[in-house]
Amino acid sequence: MKLLEIAEVINGKIEGDDNIEITGVGKIQEAEKNQITFLSNPLYEKYFDNTKAGAVIVSENHKVIQKRPGVSIVRVADPYLSFLKLLEMFDTGNDVENGIADNCVIGEETSLGKNVSIGNFVSIGKNCVIGDNVRIHSNCSIENKVSIGDNCIIHPNVSIYKGCEVGNNVIIHSGAVIGTDGFGYAKEENGSYKKIPQTGNVVIEDNAEIGANCCIDRATMGETRICKGVKLDDQITIAHNVYIGENTVIAAQAGIAGSTKIGKRCMIGGQAGIVGHIEICDDVIIGASVGVSKSITKPGIYTGYRAMPVKDNLRSEVRIQNLQKLEEKIKILESKILK
Amino acid sequence: MKLLEIAEVINGKIEGDDNIEITGVGKIQEAEKNQITFLSNPLYEKYFDNTKAGAVIVSENHKVIQKRPGVSIVRVADPYLSFLKLLEMFDTGNDVENGIADNCVIGEETSLGKNVSIGNFVSIGKNCVIGDNVRIHSNCSIENKVSIGDNCIIHPNVSIYKGCEVGNNVIIHSGAVIGTDGFGYAKEENGSYKKIPQTGNVVIEDNAEIGANCCIDRATMGETRICKGVKLDDQITIAHNVYIGENTVIAAQAGIAGSTKIGKRCMIGGQAGIVGHIEICDDVIIGASVGVSKSITKPGIYTGYRAMPVKDNLRSEVRIQNLQKLEEKIKILESKILK
Amino acid sequence: MKLLEIAEVINGKIEGDDNIEITGVGKIQEAEKNQITFLSNPLYEKYFDNTKAGAVIVSENHKVIQKRPGVSIVRVADPYLSFLKLLEMFDTGNDVENGIADNCVIGEETSLGKNVSIGNFVSIGKNCVIGDNVRIHSNCSIENKVSIGDNCIIHPNVSIYKGCEVGNNVIIHSGAVIGTDGFGYAKEENGSYKKIPQTGNVVIEDNAEIGANCCIDRATMGETRICKGVKLDDQITIAHNVYIGENTVIAAQAGIAGSTKIGKRCMIGGQAGIVGHIEICDDVIIGASVGVSKSITKPGIYTGYRAMPVKDNLRSEVRIQNLQKLEEKIKILESKILK
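Chains as they are written, first to last, in this note's numbering: chain A, 16 to 354; chain B, 16 to 354; chain C, 16 to 354.
Hints listed in this document are in silico derivations from the structure and should not be mistaken for laboratory results.
Just to be clear, a hint being listed does not mean it is correct.
Copies of the same chain are indistinguishable here, so a pair counts whether it falls within one copy or spans any two.
What the hints assert, rightly or not - As a list, the in silico DSS-like pairs of lysine-lysine whose alpha-carbon atoms are at most 27 Å apart: (1) Lys-279 <-> Lys-209; (2) Lys-326 <-> Lys-309; (3) Lys-28 <-> Lys-48; (4) Lys-48 <-> Lys-82; (5) Lys-346 <-> Lys-326; (6) Lys-243 <-> Lys-276; (7) Lys-42 <-> Lys-276; (8) Lys-67 <-> Lys-17; (9) Lys-326 <-> Lys-340; (10) Lys-344 <-> Lys-326; (11) Lys-279 <-> Lys-42.
The shape of chain A in the complex, shown without the other chains (with noise of 0.2 Å):
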């Protein structure tokens, strides 16, 4: 692709040869010749005098410091967003072949979309609903009455128990199980467990991607919901009845326990543990590796091996740190008053 079509894709104005060939895009650390870059963050200006990319991305007022022979210069209103656009453009995607492998197996009265992808060794169970555009990789396991919406991607390994019911555009990566028995049990007179059905399911809404290796637990009763546009990273637990709001983000290793509410737009950190049977309103955020064990009723953020307003624990933090301090003024005061 030569470099003037890519300036028009980003609608932005060449400084240097707009006759160059660009194959892809790259950090400006490494690009190579045939590749475009960006520059925004000026961390970074230091490597503008060696890379090797054939072109790099700048704001309109972008000073570059010298310009160089051999390498262009694109200038565009907001260089990250317009690197974004072009590293979606050259992303190769998701190269699963189309169509239904001869060797899956598809369980009765189960219904495929349109432009169905189904690789190597995919078990679907019974009575399933699989939309449009679906790709679902080699090795999953989909059992009985699960529905999955169109335009989904299943990448491979993951587990989709019966019942559970996930949206259109949703991506599911390798390992995740979907729909695994809640963690109850009734307690019986001589100390042991006695399990409780888990007789609910998951629902997963629209544009939500499941990280690698998580896990969502079926509801006792009812459901589990992960609303539109919710992101987990990996390994996150999800217990059974949790409910997590729209456009809430959760980083990797986090565990949210049983019942527990999230609301819209909050960001959990890594590691982050929220107990069982509370509520944190919307556009809260928690830090990574914070313990929440009371509900959140206000915006903010939070942070603390118990969580708390931020302000509060640094400022805790700060007394902890001069307890030598304080240690040391009640020694004078006390040579002072106890001799």
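Keeping the supplied structure of chain A fixed, place chains B and C upon it in accordance with the hints.
The following block gives chains B and C in isolation, referenced to the frame of chain A:
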């Protein structure tokens, strides 16, 4: 099923229409006309006035605020236990078809019990023993010399490494890995690590349940043992040579390091971490996200980033919260003394 | 194997019957008549009097308390290393059959080395390169353009996304996901998130071992790199564009966020969390459950909920433990001054 028949199952006394048809169970907020629900926790009484359930189970002496036409009452000794009984009765349960899939592979010298179900693309090695009524779901890999007792359910995409032993009535959820190598290396002089062969196995006793994506490592020598009735939630790691005592329950994302021994009837919270080579006695409760770095020899509740008895931990937290006051007190003292 | 032959392997001197038959190794508490064990740690000497082992390896100058009839002694320079040698010798090892399963699927233009074993229901994409002596266990999914070096072992149910590169002598345990998408989104004006294509890959160098159910994310651009000799325990998440230096070992359930660079020979404890975009220098030891939120530029041991040098952390913990005394001292001062 008529309400009359249901009342017999749970030994209840009906007030209202005993002839209505009940087809399932539901939560009091969500139950529909042909469902039965229960009322036990006073916090849920507010839902009684609007429930659409056809029948509500209450305790013998419960004062139902206002009887409603169309809602039959069933009085029992323990509403929650009665409800669990019905939950179980109406559970459609595991719905893998009986029978052995045409496409699964079963190794030489492997014996199968009566009434075994094996799903699509299951690979079972040589010299295995599979008990009666076992259901192995699709895409599981069971390696050589594994034994599985009667009435076990192995969900999709489970891996069981060679030589592991699983008792009767065990449930293993999707993505769990049983018998992976323990994390053992000998440091070489050049700074690299040489793998120590992990020659032991994993033994899972009767009635245990292993959550989705759990990892239980095989012993270096000897065995890693999960005793009778142990219940593991999702994404737990149990390292090599660990021993977990009878009827201990562990919540999601906890980790137990190598050679540690956990007693009977312990409860371990989500994301808790227990170091290697220690012992936790019987009847210990460890909170969520607690770190245990020393043996625990007395039953009780332990909490904190470094585990301590819960009362000590609470006192310590209160003292930290009071640090501001302490600082102020010292300031006052200083102003009196050090002027 | 006669004890005499074993003594030759480990260059040991026998005291006792050199003609006994040894068929395996065992722990001193558990070993049986035809097994050999070792004694190195003084804490285990108490087991010597009752061991049923046929032979015990001890150091050249070890004073065996009381020689016992039927227990031969083998004296060597380093009992532990000698024992590891035997552990390895008696290890029955990986027992997947040589050969390519009839039912696996290997894509077009994919090349296989010599002596490759591929298990049941393995799906390998197009344009892959698989080296010599590689063993891929059942139900693995390897997508297009993946390369795997010589002598690798890929356990069941592993997923390797397109374009990833695996070196020689690498072991990948069950359920691991290599090359899943990094967690990258651009926030839209309406509060939803747009996926940023993850166009890079994962490179795993020679002699690395990847634990069960680990997730290693592909880079947004460029690569996520696991260097030579790195050992990852179970359930670790490595985010996009992370770099882990040579011979670094990481314990179970730790997480490394995006673009972070870890040095060589580091040891990272279980459940530790390291934020994104920082650097950890060589030879750093990070304790279990430690949170690292800033770069570390000096080798040493770091502990605490917020990582700090271990001595500072211990002092800080002691000060918190002493808070009660501090409060009492202030009370005394107040009673003297503020009456």
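How would you label the pair Lys-279, Lys-209 (within, between, both, or neither) given a Cα cut-off of 27 Å?
The answer is between: 16 Å across copies meets 27 Å, while 35 Å in one copy does not.
State whether the alpha carbon distance between Lys-346 and Lys-326 is at most 27 Å within one copy, between copies, both, or neither.
between (30 Å within a copy, 22 Å between copies)
Cα distance capped at 27 Å. Does Lys-42 pair with Lys-276 within a copy, between copies, both, or neither?
between (40 Å within a copy, 16 Å between copies)
Is it within, between, both or neither when you check Lys-48 against Lys-82 at 27 Å Cα-Cα?
within (16 Å within a copy, 75 Å between copies)
Up to 27 Å between alpha-carbons, please classify Lys-326 paired with Lys-340: within, between, both or neither.
both (22 Å within a copy, 17 Å between copies)
Using 27 Å as the alpha carbon limit, work out where Lys-243 and Lys-276 are close: within a copy, between copies, both or neither.
within (15 Å within a copy, 34 Å between copies)
Homomeric proximity label, Lys-279 with Lys-42: Cα distance no greater than 27 Å:
between (33 Å within a copy, 24 Å between copies)
Intra- versus inter-subunit Cα pairing at 27 Å for Lys-67 with Lys-17:
within (17 Å within a copy, 65 Å between copies)
State whether the alpha carbon distance between Lys-28 and Lys-48 is at most 27 Å within one copy, between copies, both, or neither.
Close inside one copy (20 Å), not across copies (66 Å); limit 27 Å.
Given a CA cutoff of 27 Å, do Lys-326 and Lys-309 count as a within-copy pair, a between-copy pair, both, or neither?
both (18 Å within a copy, 19 Å between copies)
Alpha-carbon proximity context of Lys-344 and Lys-326, limit 27 Å
For Lys-344 and Lys-326, both the intra-copy (26 Å) and inter-copy (22 Å) Cα distances are at most 27 Å.
Comparing the model with each numbered hint stated earlier shows that all of them hold.
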